[in-house]
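Novice: Letter by letter, the chains look like this.
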Amino acid sequence: MIPAPFDYVAAESATHALDLLDSLGDDAKLLAGGHSLLPMMKLRLATPAVLIDIGRLTELIGIRADGDDLVIGAATPHAAVAASDLVRADAPLLAHSAAQVGDPQIRHRGTIGGSLAHADPAADLPMALVALGGRVDLVGQGGTRSVAADDFFTGFFETSLEPGELIASVRVPRHPGAAWGYQKFVRRANDWAIVGAAAINGRIALANMGPTPLRARAAEQALAEGASAAEAADLAAEGTEPGEDVHADRDYRRHLARVLTRRALEQRT
Amino acid sequence: MQVEITVNGQQRTDDVEPRLLLVHYLREVCGLRAANVGCDTTSCGACTVLMKGAGEGGGGTSVKSCTVLAVQANGRQVTTAEGLAPAGELHPVQAAFRQEHGLQCGFCTPGMVMAAVGLLSENPDPTEAEVREGLEGNFCRCTGYHNIVRAVLAAAASGSGAAEDRDGAAEQERAEVGA
Numbered sequence: 001m002i003p004a005p006f007d008y009v010a011a012e013s014a015t016h017a018l019d020l021l022d023s024l025g026d027d028a029k030l031l032a033g034g035h036s037l038l039p040m041m042k043l044r045l046a047t048p049a050v051l052i053d054i055g056r057l058t059e060l061i062g063i064r065a066d067g068d069d070l071v072i073g074a075a076t077p078h079a080a081v082a083a084s085d086l087v088r089a090d091a092p093l094l095a096h097s098a099a100q101v102g103d104p105q106i107r108h109r110g111t112i113g114g115s116l117a118h119a120d121p122a123a124d125l126p127m128a129l130v131a132l133g134g135r136v137d138l139v140g141q142g143g144t145r146s147v148a149a150d151d152f153f154t155g156f157f158e159t160s161l162e163p164g165e166l167i168a169s170v171r172v173p174r175h176p177g178a179a180w181g182y183q184k185f186v187r188r189a190n191d192w193a194i195v196g197a198a199a200i201n202g203r204i205a206l207a208n209m210g211p212t213p214l215r216a217r218a219a220e221q222a223l224a225e226g227a228s229a230a231e232a233a234d235l236a237a238e239g240t241e242p243g244e245d246v247h248a249d250r251d252y253r254r255h256l257a258r259v260l261t262r263r264a265l266e267q268r269t
Numbered sequence: 270m271q272v273e274i275t276v277n278g279q280q281r282t283d284d285v286e287p288r289l290l291l292v293h294y295l296r297e298v299c300g301l302r303a304a305n306v307g308c309d310t311t312s313c314g315a316c317t318v319l320m321k322g323a324g325e326g327g328g329g330t331s332v333k334s335c336t337v338l339a340v341q342a343n344g345r346q347v348t349t350a351e352g353l354a355p356a357g358e359l360h361p362v363q364a365a366f367r368q369e370h371g372l373q374c375g376f377c378t379p380g381m382v383m384a385a386v387g388l389l390s391e392n393p394d395p396t397e398a399e400v401r402e403g404l405e406g407n408f409c410r411c412t413g414y415h416n417i418v419r420a421v422l423a424a425a426a427s428g429s430g431a432a433e434d435r436d437g438a439a440e441q442e443r444a445e446v447g448a
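Taken in order, these protein sequences are the chains called A and B.
Heads up, the first sequence is in my numbering, so the first residue is 1 and it goes up one at a time.
Heads up, the second sequence is in my numbering, so the first residue is 270 and it goes up one at a time.
Derived from the structure by calculation, the hints contain no laboratory data.
Mixed in with the good hints there might be a few duds.
To spell it out: a stretch of chain B is covered by chain A in this simulated footprint if at least three of its residues, at any positions, have a beta carbon under 8 Å from a beta carbon of chain A; those stretches are [claimed, not checked]: (1) 279-285; (2) 335-347.
Which stretches of chain B does chain A cover? Using the computed rule of at least three CB atoms under 8 Å from a CB of chain A, they are [said to hold, decoys possible]: (3) 324-332; (4) 350-356; (5) 362-368; (6) 376-388.
Note that CB positions come from ideal geometry on N, CA and C, so glycine has one too.
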């Protein structure tokens, strides 16, 4: 499968990329690792006229501590997030989540910002960011803004990224020693989650239980009121409207949400 | 667009369409047919090669060349199965695949070997579970995985997989500076 023809520009800086986005408008797409975009282009589900390559911009790559947060450059590959001593110590759920994406080759190329911008509700990192209460730092011609994970994902493969904006970095609270659990149900190696559940302290996020990653708020509230993991997990599917596909119908997904949430809660140590 | 890519230690300059995939660049422009197009959807790993950026150490990391544009490899080093060992010789991982009968039809083998070389350069002494997880991105549809895993463990036990890779990288670097 061959993508439709396009022009390619290697951006020299994030500012250059923003200028190109501004002048090219909807015809342009940002390219980093390309592990969400290129498959869509090969299937001709996406046919951008211009690709702006930000995958080599060192200002968008790297991991650092910033006060109570870890800041991860948007073009940082999953493998680097998964292997980072800083992330493993201060945000182990994120390191684990990055290590669950696809397979080793995919993790060498795919980036954290790319996965979040793609906003597949079945993907690992969107669920992890919601569970962690992270933020996405955006930059555009008008300046910068920071969007909470709960507000970033607005619909099926849709985010609050405005035209002309790019993700500069991803921010997660540092929580060394926090109790967390991570569960993902797949039918095949390196597949997307049929349903996923991530829990950290009293927060629970679900993957593929609706058009966006979701908080299991009824279960969270029950936990806060002293319910056991099993009692809280029984409420995990409350208020969700999961889709149906060849892998699972709605009831099965709700069942998985309850089971995986219980396992994730019990996994917390 | 003009790209400069070092393929198996040799720097090349080629004019490519931006939409040309790295695997097609390797097969059709460079004439290197080891990397196969299998699923063409980033799943099967038959197209796995090693790619290394400027300034990065080691022999590079494994990537699926059906999901990388040739223009994304511009300025980088790419190693295919043809470049693992001098002509007529086998890289220790290749030798282990032969010794342990880690292949049957052979279609997945170049990708399997490149993924294994990449895995051993990151983790020279993996457990069996780590080998299985490390090859999660490579599908074999005939032999099954037992002999492949055995071959990777044998290559690791010989200790030469990683050492050879370092030698290869050093050789590549020497070639680069023209020494």
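Novice: Kindly indicate which numbered hints from before are broken by the structure, ordering the numbers from low to high.
Specialist: Hints 1, 4, 5 contradicted; others consistent.
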